[in-house]
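**Q** Could you slot chains B and C onto chain A? The hints should help.
Residue numbers (the working numbering), protein chains in the order written: chain A, 1 to 478; chain B, 479 to 723; chain C, 724 to 943.
Bear in mind the hints are in silico, worked out from the structure with no lab data behind them. Each hint should be verified, as a subset may be incorrect.
[To be verified] Derived pair list, reagent style EDC-like, types lysine to aspartate or glutamate, alpha-carbon separation capped at 16 Å:
#, chain 1, residue 1, chain 2, residue 2
1, C, K927, A, D302
2, A, K129, A, D162
3, C, K748, A, E89
4, A, K14, B, D634
5, B, K551, B, E615
6, A, K14, A, E307
7, C, K776, A, E89
8, C, K942, B, D701
9, C, K773, A, E18
10, C, K942, B, D702
11, C, K879, A, E40
12, C, K942, B, E696
13, B, K680, A, E18
14, B, K604, B, D553
15, C, K748, A, D50
16, C, K857, B, E519
17, B, K704, B, E661
18, C, K942, B, D541
[Unchecked claim] Examples of chain C residues lying across from chain A (beta carbon under 8 Å, computed):
#, residue
19, S741
20, S744
21, D759
22, M763
23, M779
24, Q829
25, Q832
26, H898
27, L900
28, K916
29, K923
30, E934
31, A935
Note that CB positions come from ideal geometry on N, CA and C, so glycine has one too.
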Amino acid sequence: MTALSNLEEDFILKAIEESKRLDGRQPYDYRRTKIEFGVERGCCMVHMGDTRILAQVSCEVVEPKENRPNEGQLFVNLELSPMASTTFEAGRLSDYGIELNRLLERTVKDSRAVDVESLCIVAGEKVWKIRLDVHVLNHDGNILDSACIAALAALSHFRRPDVTVIGESVTIHSPQDRDPVPLNVHHIPVCVTFAFYHKGKRLLVDPTEKEEKVMEGTMVVGMNVHRELCTMQVTGSMLILKEQIIRCCQIGVVKVSELTELIKQALEKDKTARAEGKKFGFAESHPKKSITSKVIPEQTLDTSDVEDEVSRIMETAELPEQVSSKLEIKKPGLGQIGDGLTNSWLDDGDADEAEEEENGNSKEEDEMEGAIGSEDEDEEEEEEEEEKKMIVTKPKAKDKRKGKSKAYVSDSEEEETFTLDNADLDVIQGTKSQKLSEELDLTAALKKPSDKTKSRGNTRAKGGKKKWKKEQNIKDRP
Amino acid sequence: MAASMDDFEPRVVLPGDSLMGHIPGELHGKMTLGPGLRQDETKIFSTKAGILKRKNPHTFWIDCHQKRYVPAKGDKVLGVVTQKAGDVFRVDIGGQSQAILSYLAFEGATKRNRPNVQVGDVVYAKLLVANRDMEPELVCIDSSGRSQGLGVVGSDGFMFRCTLGLVRRLLLKDCPMLKFLGEKISYEIAIGMNGRIWVRAKSIHTTIAVVTALTNCEFMSEDDMKKMLRKLVAAGFHDSRPKPN
Amino acid sequence: MTSNPENNSSVEIRPIGSLQSCISKPDGSAVFTQGDTSVMAAVYGPGDVKPNKALMDKATVTVTYKPKIGISGVREKALERMIRNTCETVLLTTLFPRSSVDIIVQEIQDAGALLACSINAACLAMINAGIPMKCTVAASCCMMGKDEELIMDPTKEQTKDAECVLTSAIDSSAHSLIASSMQGSCSVEQYHKLMSVCQKACDKVFEFYREAMERTLSKP
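Next comes chain A alone, as it looks inside the complex (with noise of 0.2 Å):
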């Protein structure tokens, strides 16, 4: 979001010329990793300086590819959470992370490091699909690096349910009857990724992500300890000589058996924590000493006054009302349920005192849909309903409103009332029979607005009909 400077730019590149990094680092040194595990089989975490990234595991049984009945499958996918750079959005993959993940699966399933036929159980019929899902947490640069470590620990780690066959029964134990076995892996590969400046003529690795931004290109080499090349991609605008590719590759052999030395490492502090009962997860490996850190242990909450309050809570608050489900025909097409409020344009004191409930409204605007000839009588039911709803919820204008439209709650005070008696009822109710010459009046009427209320809030999405006050005006009529 925030492009990198002219100042800055200037500054990262004259220092790589003089081969000096920002954090101090040598050009071929790595940030400083951490690997952790948790909790779950096969879950991982990578902390490659600032960079992080969460890898998971997970398995399923499902039916082989036609072409391949033997084999189980594996399932690579890369995602770039928004929370890792305002860049990322949620949802779509960008290009940026479309080629990660491409990167990623050539690295991690075409090497074929995970033996995928020792994953059938059935041949044609059942296999196991591995599934695994790598989140990229924090983005400081070389993703895709530290998305291979976290993968390759992630699959190490990962045990599966253990399952017999016999003749024709396939049993899949769970965790408790059998232990769950591992998976088998070949070889770990590991990515080293180079960035080039200057016309290809310096190159860093393990680039940050400002070193990122000023870099011409990029070259991902993927090997293993059995000096192995398994991946090899050169991106970006650049020319690179081939003893360039061959000095990268002797330095990848470095820096990979460095890599899978750590892996080896964290892999095994895990094991011996499970085997001898010790706390493990990542909440184990929070540095404790750390400010920014607490943790307070399992604590009691005293619940003796609990059936107290209750008790008292039951006496003092009103129930809900029991609402009648109780259908009523009234005519063909037109249904009702309750009987809706009462009707308060009767007696002008009575707006306070109307009723919350609103479940008869709220079932009579579901005949609308019903409704097919009527629609005159029954939109002037629903602006009645409407109108008593205003006049209910604005002496509690802090309530939420169900209107179909969601407006922002407002305090206002401002919203005038209106009420309408019985003659204007009649009148109202007994339009369908009128004249248009005794409705032109009514227009007319509306053409005066001595007082305009504002309906904010509730105009409905069918119409938005605004209320004019017609108070003075109806009354006028003979």
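**A** Chains B and C only, in chain A's frame:
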């Protein structure tokens, strides 16, 4: 007997804490509420988690650790020019929206004599307008038309980001860190209230050293700072070292 | 973590832990653990917002919940909505019109009480980011098992046999209910019982927030 106001000790508060519970003694007359405190009818409560501090006689504020900058009028900030649009530059200052810097807000700038500012340059400017409803506006001159050190920052040196707490600490009167550094290393510095600091020293080596020293010193005591500086000098980061080639 | 049905005077909550400012990029971040359940939350804000999503009078709060396994589905959307409504209630959104507050919640380990842990992590992350808030919010989870057995902060296995599981979020200033999510069925009396136990547990979480902040702010 109510405790007197002099007994007030800075203490940790969380959002939603009412100020009344933390101030001993009675409160008379006017009270000045600084950042992090808010009044809601009769109640005064804190909106951030931090340390409640007081300056005589009745000024309170909350000191908190924060990374994100919220523009405030009068702050001097370091911004990066991202766009040239018509008569203005759009400058990114790290807030919620980009700020505007007019072509004419530079010393000696007229309609014909445009300032030499390119996209990607770093400018040290002052916030003229900064409230939540409007886009912030920057100027590189003061009210009399002189630049007073504001303007485009040179093409040398390095700019890095830090927390707002570090910036406030460095801008205190008699900041020990800057003085200690200055005794051994000669350097130029521009501190932006938006958590960005620009440093320039004689060589890349020394600049990196100064940047590292400043980033690490936020929570150090004076003794720790002196120790770190001694280590830097021992590693050769001072002016008498010949420039590495 | 269970209560003796005969001596129903106390229930236990699992150890609570937190880690603040754990990642460098976001403006605020925190990891919150309850027993083995661990959730990481990160906050970016107040920041830029797309013009079509900008609100004229307040900040747009968005929550993204990322599960550990698989892609986000309907369940995650429901969690996002719950967390969003809770966070929007406590943030002073009117101080930042036309800006956005993005909260990202990542599940690290799920061993029960996931929604409660997520809300707590989000609240800690917002405190860490220094975004102005009206008050803090804490959530806790409580279940009613067979024979009216009240279990506080249940694990995943315990919730499998539950009659009713209630997660509720309480605010720190008025101790009133901000959000509540219930699965299963129970009588009105049982509901009130669960609610008051949840409130007590939330008080413990508020104490924890205070202790954690005092520790973080202990250096000058």
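**Q** All hints, please: hold or fail.
**A** Now the hints, each set against the structure:
1. C:K927 x A:D302: Holds. K927 of chain C to D302 of chain A sits at ~11 Å (cutoff 16 Å).
2. A:K129 x A:D162: holds, 14 Å
3. C:K748 x A:E89: holds, 15 Å
4. A:K14 x B:D634: Measuring from Cα to Cα gives roughly 10 Å; hence the hint holds.
5. B:K551 x B:E615: holds, 9 Å
6. A:K14 x A:E307: violated, 72 Å
7. C:K776 x A:E89: It holds: about 15 Å lies between the C-alpha atoms, which stays within 16 Å.
8. C:K942 x B:D701: Holds: K942 of chain C and D701 of chain B sit about 14 Å apart, inside 16 Å.
9. C:K773 x A:E18: violated, 42 Å
10. C:K942 x B:D702: holds, 13 Å
11. C:K879 x A:E40: Holds - the C-alpha atoms of E40 of chain A and K879 of chain C are around 13 Å apart, at most 16 Å.
12. C:K942 x B:E696: holds, 10 Å
13. B:K680 x A:E18: holds, 14 Å
14. B:K604 x B:D553: Measuring from Cα to Cα gives roughly 6 Å; hence the hint holds.
15. C:K748 x A:D50: holds, 9 Å
16. C:K857 x B:E519: It holds: about 14 Å lies between the C-alpha atoms, which stays within 16 Å.
17. B:K704 x B:E661: With Cα atoms ~11 Å apart, K704 of chain B and E661 of chain B stay inside 16 Å; holds.
18. C:K942 x B:D541: holds, 12 Å
19. S741: holds, 5 Å
20. S744: holds, 5 Å
21. D759: With Cβ-Cβ at 5 Å, under 8 Å, it holds.
22. M763: Holds - the Cβ of M763 of chain C comes within 8 Å of chain A, reaching about 7 Å at its closest.
23. M779: Check failed: Cβ of M779 of chain C comes no nearer than 10 Å to chain A, outside 8 Å.
24. Q829: Since chain A brings a Cβ to about 6 Å from Q829 of chain C, closer than 8 Å, the hint holds.
25. Q832: Holds. Min distance 6 Å.
26. H898: violated, 13 Å
27. L900: The hint is violated - L900 of chain C has no Cβ within 8 Å of chain A, the shortest such distance being about 13 Å.
28. K916: Check passed: Cβ of K916 of chain C comes within 5 Å of chain A, closer than 8 Å.
29. K923: Where the cut-off is 8 Å and the nearest Cβ of chain A is about 5 Å from K923 of chain C, the hint holds.
30. E934: At about 6 Å, which falls below the 8 Å cut-off, the nearest Cβ of chain A leaves the hint on E934 of chain C intact, so it holds.
31. A935: For A935 of chain C, the interface hint holds, since the closest Cβ of chain A sits about 4 Å away, which is under 8 Å.
Going down the numbered hints, you'll see the structure goes against 6, 9, 23, 26 and 27, while the others check out.
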